[in-house]
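**Q** Chains as they are written, first to last, in UniProt numbering: chain C, 1 to 674; chain V, 1 to 674; chain D, 1 to 674.
Worth flagging that the hints you see were computed from the coordinates, not collected in a lab. Given the structure is predicted, the values throughout are model-derived calculations rather than measurements. Even glycine gets a Cβ: it sits at the ideal position worked out from N, Cα and C. It is possible that part of the hints are untrue.
What the hints assert, rightly or not - Partial selection, computed: residues in chain V whose CB lies under 8 Å from chain C:
| hint | residue |
| --- | --- |
| 1 | 191 |
| 2 | 215 |
| 3 | 519 |
Stated by the list, open to error - In silico PhoX-like cross-links for lysine-lysine, where the CA-CA straight-line distance does not exceed 20 Å:
| hint | chain 1 | residue 1 | chain 2 | residue 2 |
| --- | --- | --- | --- | --- |
| 4 | D | 612 | D | 663 |
| 5 | D | 92 | D | 123 |
| 6 | C | 105 | D | 105 |
| 7 | D | 22 | C | 180 |
| 8 | D | 8 | D | 673 |
| 9 | C | 105 | V | 105 |
| 10 | V | 180 | C | 22 |
| 11 | V | 105 | D | 105 |
| 12 | V | 663 | V | 612 |
| 13 | V | 22 | D | 180 |
| 14 | C | 123 | C | 241 |
Each chain, letter by letter, is given below.
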Amino acid sequence: MINNKLPKIWYGGDYNPEQWEKEIWDEDVRMFQIAGIDVATVNVFSWALNQPDEDTYDFTLLDAIINKLYENGTYVCLATSTGAHPAWMAKKYPDVTRVDFEGRKRVFGGRHNSCQNSPTYRKFSGLLAGKLAERYQNHPGLLIWHIANEYGGSCYCDNCATAFRIWLQERYGTLDVVNKSWNTRFWGHTFYDWEEIVPPNALSEEWGNDNTNFQGISLDYRRFMSHSHLECYRNEYDAIKKHTPDIPVTTNLMGTYKELDYFKWAPYLDVISWDNYPSLDTPYSYTAMVHDLMRGLKDGQPFMLMEQTPSQQNWQAYNSLKRPGVMRLWSYQAIAHGADTVLFFQLRRSVGACEKYHGAVIEHVGHEHTRVFRECAELGRELNLLGDALLDSRIEAKVAIVYDWENRWAVELSSGPSVGLQYVDEVHKYYDALYQLNVQTDMIREDADFSQYDLVIAPVLYMVKPGFAQKTEAFVQAGGTFITTFFSGIVNENDLVTLGGYPGELRSVLGIWSEEIDALFPEQKNQVVITKQSGALNASYTCGLLCDLIHAEGAEVIAEYGEDFYKGMPAVTRNQFGAGQAWYVATSPEPALLQDLLANIISEKNIQPLLKTPHGVEVTQRTKDGKSFLFLLNHNAEEAIVETKFENVEDLLTGELWTGSIKLPAKGVRVIKL
Amino acid sequence: MINNKLPKIWYGGDYNPEQWEKEIWDEDVRMFQIAGIDVATVNVFSWALNQPDEDTYDFTLLDAIINKLYENGTYVCLATSTGAHPAWMAKKYPDVTRVDFEGRKRVFGGRHNSCQNSPTYRKFSGLLAGKLAERYQNHPGLLIWHIANEYGGSCYCDNCATAFRIWLQERYGTLDVVNKSWNTRFWGHTFYDWEEIVPPNALSEEWGNDNTNFQGISLDYRRFMSHSHLECYRNEYDAIKKHTPDIPVTTNLMGTYKELDYFKWAPYLDVISWDNYPSLDTPYSYTAMVHDLMRGLKDGQPFMLMEQTPSQQNWQAYNSLKRPGVMRLWSYQAIAHGADTVLFFQLRRSVGACEKYHGAVIEHVGHEHTRVFRECAELGRELNLLGDALLDSRIEAKVAIVYDWENRWAVELSSGPSVGLQYVDEVHKYYDALYQLNVQTDMIREDADFSQYDLVIAPVLYMVKPGFAQKTEAFVQAGGTFITTFFSGIVNENDLVTLGGYPGELRSVLGIWSEEIDALFPEQKNQVVITKQSGALNASYTCGLLCDLIHAEGAEVIAEYGEDFYKGMPAVTRNQFGAGQAWYVATSPEPALLQDLLANIISEKNIQPLLKTPHGVEVTQRTKDGKSFLFLLNHNAEEAIVETKFENVEDLLTGELWTGSIKLPAKGVRVIKL
Amino acid sequence: MINNKLPKIWYGGDYNPEQWEKEIWDEDVRMFQIAGIDVATVNVFSWALNQPDEDTYDFTLLDAIINKLYENGTYVCLATSTGAHPAWMAKKYPDVTRVDFEGRKRVFGGRHNSCQNSPTYRKFSGLLAGKLAERYQNHPGLLIWHIANEYGGSCYCDNCATAFRIWLQERYGTLDVVNKSWNTRFWGHTFYDWEEIVPPNALSEEWGNDNTNFQGISLDYRRFMSHSHLECYRNEYDAIKKHTPDIPVTTNLMGTYKELDYFKWAPYLDVISWDNYPSLDTPYSYTAMVHDLMRGLKDGQPFMLMEQTPSQQNWQAYNSLKRPGVMRLWSYQAIAHGADTVLFFQLRRSVGACEKYHGAVIEHVGHEHTRVFRECAELGRELNLLGDALLDSRIEAKVAIVYDWENRWAVELSSGPSVGLQYVDEVHKYYDALYQLNVQTDMIREDADFSQYDLVIAPVLYMVKPGFAQKTEAFVQAGGTFITTFFSGIVNENDLVTLGGYPGELRSVLGIWSEEIDALFPEQKNQVVITKQSGALNASYTCGLLCDLIHAEGAEVIAEYGEDFYKGMPAVTRNQFGAGQAWYVATSPEPALLQDLLANIISEKNIQPLLKTPHGVEVTQRTKDGKSFLFLLNHNAEEAIVETKFENVEDLLTGELWTGSIKLPAKGVRVIKL
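Please model the entire structure based on the sequences and the hints provided.
**A** Structure representation (structure tokens):
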């Protein structure tokens with residue numbers, strides 16, 4: 001349990017009463033009670049209030065807020081407010097602002113704007129976190145700490161340059177190793193002195209969006225930036241833990257946010273929390289995948305849904321309203337994938353500045369008689385009914401997909417073979433196939449233990465880090481099934497090619513050699529023609545993007561290309577390796593192939609889908625103490641019927657008992673206790 | 001009359017003889033006489049010639065130009081040449097150049113390039129204007145002053161930052177009021193010292209095109225920039241007026257140019273002048289609207305058409321030739337909407353630099369035997385015939401549309417609900433509906449007196465400033481009809497939301513509450529289904545962009561949505577309020593709905609369209625001393641017939657008398673004296 | 001012969017063994033021998049290795065490389081390695097890095113990154129070239145020098161500004177002439193001191209891609225930049241020639257690369273070499289045109305194909321593999337147009353950094369058993385068979401197309417009449433028409449001697465430089481046929497309009513006057529209606545982009561416009577002038593018109609196409625010592641048959657004898673000895 005002071009699914013969200021007169025606060029707490037809101041995330045952007053100048057700290061307002069909330073039944077998720085430095089600090093200590101990708105020194109503005117290696121930022125953010133922890137360590141309303149906010153962005157200032165050189169010295173030891181690791185003899189970039197190394201930005205090696213002359217330095221700068229942010233976080237974490245070693249600490253992550261390697265962060269978060277902002281056109285399975293990824297950060301431990309909007313966004317191009325029922329449906333989708341909280345951004349809609357058109361539980365009209373509030377209050381009521389039934393329950397999966405931030409950076413920093421290749425999209429294609437099959441999937445780190453899985457899929461695992469190949473071979477040897485794809489096994493952790501034939505270190509387990517990689521224009525297609533017909537497979541499927549021209553070296557050819565000069569060359573192979581099998585999908589096929597292929601493999605591996613459901617009805621299962629809870633989520637705009645063999649099972653949300661066919665209203669949800 | 005030295009519609013335009021050898025001047029004046037040209041705008045970009053260094057002023061060439069023109073029958077519109085500073089000034093006094101949005105200090109180049117708050121620019125531009133006024137105060141050829149040129153653009157230098165802080169102090173008094181007005185507690189931006197406030201640009205709060213973290217500071221910076229430009233203008237204005245208190249002074253405006261609040265400028269211009277550059281695909285009604293807006297700046301006072309091209313542009317993507325007759329047609333369109341001059345850019349086409357492919361009366365070939373020159377000369381002949389008949393005549397309108405620059409800034413700076421919302425386009429939709437109905441319309445400021453109108457329309461009046469709601473209530477109470485739309489009444493003058501339910505201060509007069517605002521994707525549509533059928537209205541219409549989800553609170557529902565979860569909610573309402581009615585159009589409908597709706601309302605209000613004309617035939621009417629002049633403008637490429645009940649009315653351009661059907665050639669014009 | 005040490009078509013390419021351990025070198029030379037590779041371009045990016053600090057030069061590794069190669073039968077094209085300065089130099093002497101278009105000082109990174117006017121760069125690059133020449137002057141493996149690499153890019157630093165002012169002083173003598181040449185009285189830009197002139201970039205006169213306020217300064221800056229690069233080249237050239245006066249020197253050009261005026265460079269290159277990187281969708285005739293342009297730089301002298309990829313690119317959006325046979329086909333296409341070398345980038349694919357996905361003879365797999373290697377080895381075998389048969393043979397052409405870099409700059413810097421006008425595309429339209437007709441064409445400089453040609457075409461010759469018109473008149477007078485197009489004859493070398501009617505100085509020879517120029521929107525079309533039917537011409541053709549509205553002044557009207565208000569005005573004219581004819585094509589027509597028109601003209605001039613071939617089969621002919629070699633290149637993916645009247649002619653590649661029909665496999669090549 002995140003904190004057993006509140007043994008239920010936490011419900012609430014960001015709350016910024018400092019933006020309002022105190023008279024409003026009474027209205028707020030009145031409505032929180034109507035809505036069943038029991039957690040408020042406070043103090044997120046209040047540094048300038050907490051510390052009006054270098055020497056003064058003033059928590060009077062924060063005291064009043066926390067007390068007011070607690071007296072009215074609402075706990076706090078207490079933020080350290082270091083997500084945006086005060087204006088006075090930017091003026092007095094310019095090192096606190098960043099130098100941007102274009103080399104421009106920023107002045108003051110925005111948020112998430114502090115230099116990651118600013119001595120000023122490190123000093124004052126740590127001080128503030130410590131003072132907050134000291135002050136509120138014994139407050140009964142304190143549930144959890146929330147450090148800063150949505151870490152992100154890069155800086156290229158001289159302080160960062162210096163810190164980067166130190167980081168490099170620690171990583172590589174000598175310049176000679178740096179030169180080799182970055183292959184600096186290419187284009188005559190050999191460094192003879194650490195001081196010659198400068199951050200890769202628009203004034204040096206990079207341009208536009210993820211273009212670089214040297215993947216090595218660019219990869220390392222991303223590692224270093226992620227590390228520098230983490231150092232900022234840990235600086236505050238340590239300051240807090242001195243006072244409240246038992247209160248959990250988190251910071252809100254952003255799903256597949258590219259710039260931070262969250263797997264590296266996870267050990268330092270007591271609980272994962274994240275902000276979920278799908279658009280009207282985000283696939284449901286994409287959101288599901290990101291929930292699973294967040295759950296995977298700490299190996300399945302339940303996470304917090306830290307933010308979602310009750311109604312609409314403001315920063316999307318076209319900010320659709322969430323249709324009736326959708327907020328509830330998506331809240332349960334989070335729980336269904338492992339969330340133990342449902343929190344909103346935000347509880348009261350702000351009156352000015354750029355987020356005033358971001359939806360909130362309490363809208364600008366200020367009262368409870370709105371569609372949005374009514375839906376929030378209804379959900380609050382349900383979550384109260386659920387109590388602690390679901391808390392700490394886990395999701396069991398026999399299938400895992402490897403997701404790796406560094407691999408993504410390397411894929412997208414590479415020049416060639418195709419600008420169309422997007423790592424996350426390829427991962428999602430595999431996830432979606434499993435999702436459509438109702439197979440529960442873990443999203444795991446590349447250095448995870450595979451042994452608990454029957455099937456491990458590593459789409460576009462371009463970068464193979466030390467130990468991965470050996471681990472994979474052992475996994476397959478022991479009977480596991482491994483699937484990887486085109487453009488895998490190409491480089492090591494420094495983006496240096498593994499010589500001797502693609503897919504490099506994976507060549508042995510896969511039993512193939514990839515001789516060439518063709519890049520197709522967006523409108524160009526080839527065919528995957530099945531040569532070993534079985535199970536669900538059709539005769540052929542379309543494919544595109546990239547086509548590896550492979551040779552089977554022991555692997556069995558399951559499908560071959562249907563067109564072009566490499567017609568007849570293998571497109572899908574399966575290699576028997578020890579007691580297991582290793583598959584290679586040499587191109588990016590239409591979704592149907594992956595669904596059909598995975599249906600076969602799942603069936604062979606005796607992995608049981610949870611249920612068979614109509615299209616658009618998602619199903620997951622959480623388990624605790626031997627009890628299972630089945631979530632049925634109807635994403636359709638029409639009623640759906642799920643056929644089951646259940647008898648007299650209870651829907652926890654309504655108390656209804658179901659046998660056989662279970663009816664779901666449009667956008668409806670059922671939580672069935674098995 | 002602008003200046004009764006020349007009691008006719010002035011005809012001529014920009015003339016830059018300083019770019020030519022004097023031998024050419026003789027040819028010029030010869031051709032001016034052929035073309036009936038009697039006004040030349042001179043000295044627009046001659047600062048470097050007028051003042052070759054800090055201490056020297058040399059008007060020899062300008063003397064020669066003005067004298068040459070005057071001796072040959074051409075008056076001058078005398079510019080102060082401060083639209084571009086000399087190169088020597090940029091080198092010697094770098095404060096004269098701007099710092100751009102990206103924070104880059106500019107060196108030298110372009111035009112309209114001086115920092116608005118540069119002490120150097122203020123000093124030398126004022127000095128030069130004074131010297132010119134002193135020198136030419138008694139020249140008989142001097143008709144009018146033209147200060148600088150097309151003011152525009154922004155600067156973000158330290159001088160501007162300092163001036164901005166002073167401007168803020170004058171506007172707000174204390175930092176506490178600034179903080180409240182900008183809602184700086186959002187994202188912890190509280191200012192404790194005036195020096196902490198920096199201009200909002202790419203180094204601080206803004207990015208891209210009109211994106212900002214804080215609407216408050218961004219709005220104020222736009223106000224401040226418009227004001228700073230105006231200060232530059234007034235600086236020269238005052239210097240001139242010391243010597244020539246009776247010669248009118250203007251500067252050339254640019255229609256709906258976004259950055260300057262021309263309503264704030266108008267009091268300081270003796271006569272409005274503007275530059276009209278429609279493209280081949282600009283709707284005729286758009287040009288008409290902008291003429292009406294320029295006329296509205298000084299409450300209906302006739303204005304100057306200061307620039308238009310005789311043939312083609314150079315800076316458009318595809319610079320179409322004006323087809324035969326079009327230059328004449330568009331010139332009369334200006335007159336038809338209140339212009340008392342027809343001036344070109346320019347009289348002779350320049351031989352080099354970026355405007356050499358901008359059309360001119362005298363083309364590069366250098367003689368009068370061109371299509372363009374012949375058309376110009378024919379128009380010159382006609383304008384001579386017209387004499388002073390039309391001068392100072394006014395346009396009478398019972399319908400007004402509110403146009404507000406600050407509202408536009410606020411709408412387009414807002415983050416959400418839709419990037420598709422363009423204020424001017426929504427205003428134009430209403431204008432166009434009235435235009436198609438041949439109803440004359442005034443474009444008015446938001447703080448105008450409504451009492452002279454029967455119908456006032458305020459499309460997307462997002463920002464409601466103090467007094468507007470009360471004035472509107474009084475207007476409707478007294479029997480007026482008021483129409484506004486979705487996304488109106490949302491914020492105050494600082495972009496702070498008016499709490500208590502949209503449309504804020506307008507909620508009472510409109511008798512509705514807008515609970516939510518849905519943003520539709522570009523391809524998404526809904527339906528407006530008419531529930532109170534009357535007059536011209538069809539059963540239903542499509543709509544898109546934004547859909548307010550409103551509740552009638554006393555208003556009558558005229559139409560409702562036809563689709564989605566808000567099907568059946570009101571889409572058009574009419575509220576009886578005192579003796580009048582207030583309408584709310586909750587979405588952006590197809591044009592047909594607005595035409596049909598306004599046809600009904602016009603009819604109910606007994607507002608008579610001027611005439612019924614075929615599609616593409618525009619009609620307006622100017623009136624003076626009880627006499628009316630009807631303009632018929634055939635924008636079609638084919639002949640058109642207008643049916644009238646007139647008997648023996650005279651076409652001033654041809655002297656023909658018409659009864660009943662009036663025939664217009666393709667692109668033809670008639671000015672009928674009634 | 002480029003160097004008679006190696007009297008055959010040189011075969012090889014870029015080779016960077018310094019990026020590899022020496023063990024790999026043995027494998028390399030073994031495979032070079034298999035592939036028939038006899039030339040390696042080395043030391044291209046090794047400055048940092050050659051000179052690890054200011055005082056040290058170390059050629060140990062280079063010695064080893066050159067010796068290793070020579071001992072194994074491979075000569076070297078020896079680069080000076082000055083295409084990228086060392087990191088230590090950027091740190092110690094910041095003047096060596098550039099200031100970019102945005103005004104930003106660059107730090108270190110990339111290549112082709114040295115300031116063209118950096119004293120540091122000039123000093124050290126000259127020193128290094130001299131030391132290399134001194135060291136290797138007598139090495140038997142040295143075939144040719146390769147200075148720097150792919151010169152390009154611009155700098156705007158203070159050193160460049162100073163050098164620009166000196167360059168201007170030399171070009172113009174006085175500021176008064178500069179002011180006149182740039183028409184600086186426009187927008188009041190008169191300069192009174194040389195120091196007031198600043199480079200035209202985003203901080204002064206230019207913005208975006210080729211937009212400028214003043215074409216004059218922008219043109220001159222491009223001339224100056226091209227000249228500055230050339231000075232860098234000549235600096236090294238002179239240093240080398242001191243030691244090896246008899247070894248040829250080149251640098252690798254880039255075809256139609258816009259920024260360098262290669263016609264100005266050609267006199268200083270002993271042999272032209274260039275890098276050919278077509279994409280999957282580059283028209284074959286475009287590549288052919290560029291080969292001809294490169295051949296034209298030195299008046300027909302054979303050139304070097306310095307770089308092409310054996311398989312795929314890395315920097316294109318979608319890097320398609322070269323299909324089987326295509327590398328060979330395109331290699332012979334180069335030879336067919338005058339190349340005497342076939343060189344690749346590169347011989348071994350690099351292991352890291354941004355070009356690792358650029359194809360190479362030796363792929364990452366590292367052995368010879370790849371499709372790519374086999375194709376390379378097969379071509380190596382053929383080139384050995386060809387021996388010196390083709391070396392130094394020439395291409396004979398009676399038709400020439402004028403290509404002019406300065407004209408291109410001026411066209412694309414002009415504001416108006418259409419953003420759609422791309423000089424190279426219009427040139428290619430004419431080239432392609434001749435290509436489809438199998439008529440050999442020379443691409444020539446504007447100041448070339450026309451007398452050897454029967455037909456000279458100068459598409460969009462917007463800028464007419466001194467002497468061009470007189471030369472053209474003499475050419476036509478003497479019986480030549482001249483063709484030019486819309487938007488020609490407009491300006492002089494400073495982009496100042498030639499007054500008195502377009503097409504300016506060409507008006508007399510063409511016998512027309514162009515009164516106006518209409519720009520059509522992309523979807524807009526007009527018709528070219530043939531009025532003088534003859535030969536291959538259809539009744540009418542479509543046209544677009546720009547339409548000159550011309551009057552025949554002695555010229556015969558061959559075709560007229562079919563639509564719009566200029567329907568009936570001439571669209572194509574032919575003027576009899578002395579013994580010859582001058583054509584004007586007043587618009588940009590569909591390709592069919594140009595093919596049909598040129599077919600007629602060719603026929604009238606008795607210019608014989610080489611052969612009639614099926615579509616997609618290219619034919620060229622090289623001649624030496626009275627012997628002719630006919631190249632047949634089948635670009636189709638299917639077999640093709642070429643009908644000839646040959647009897648028993650030999651295919652040099654296979655030794656086969658052919659009579660009558662010659663069969664070509666898909667992508668096949670024949671070199672027929674006549």
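**Q** Hint residue 191/V vs chain C: min CB-CB distance below 8 Å?
**A** holds, 5 Å
**Q** Keeping to a limit of 20 Å between CA atoms, is the pair of residue 105/C and residue 105/V held or broken?
**A** holds, 14 Å
**Q** Close enough to count: is the Cβ of residue 215/V nearer than 8 Å to one in chain C?
**A** Since chain C brings a Cβ to about 6 Å from residue 215/V, closer than 8 Å, the hint holds.
**Q** Is the straight-line distance between the alpha-carbon of residue 92/D and that of residue 123/D 20 Å or less?
**A** holds, 14 Å
**Q** Does residue 241/C lie within 20 Å of residue 123/C when you go C-alpha to C-alpha?
**A** holds, 17 Å
**Q** Regarding the pair residue 180/V and residue 22/C, is the alpha-carbon distance no greater than 20 Å?
**A** Holds, because 15 Å separates the two Cα atoms, which is no more than 20 Å.
**Q** Given the proposed pairing of residue 105/C with residue 105/D, does the C-alpha separation stay at or below 20 Å?
**A** Within the cut-off at roughly 14 Å; holds.
**Q** Taking 20 Å as the top limit, are the C-alpha atoms of residue 612/D and residue 663/D close enough?
**A** holds, 14 Å
**Q** Between residue 663/V and residue 612/V, does the CA-CA distance stay at or below 20 Å?
**A** This hinted pair holds, its Cα atoms lying about 14 Å apart.
**Q** Given the hint that residue 22/D pairs with residue 180/C, does the C-alpha gap stay at or below 20 Å?
**A** holds, 15 Å
**Q** Hint validation: residue 519/V versus chain C, beta carbon distance must be below 8 Å. Holds or violated?
**A** holds, 5 Å
**Q** Given the proposed pairing of residue 22/V with residue 180/D, does the C-alpha separation stay at or below 20 Å?
**A** holds, 15 Å
Every hint, counting from the list given before, is met by this structure.
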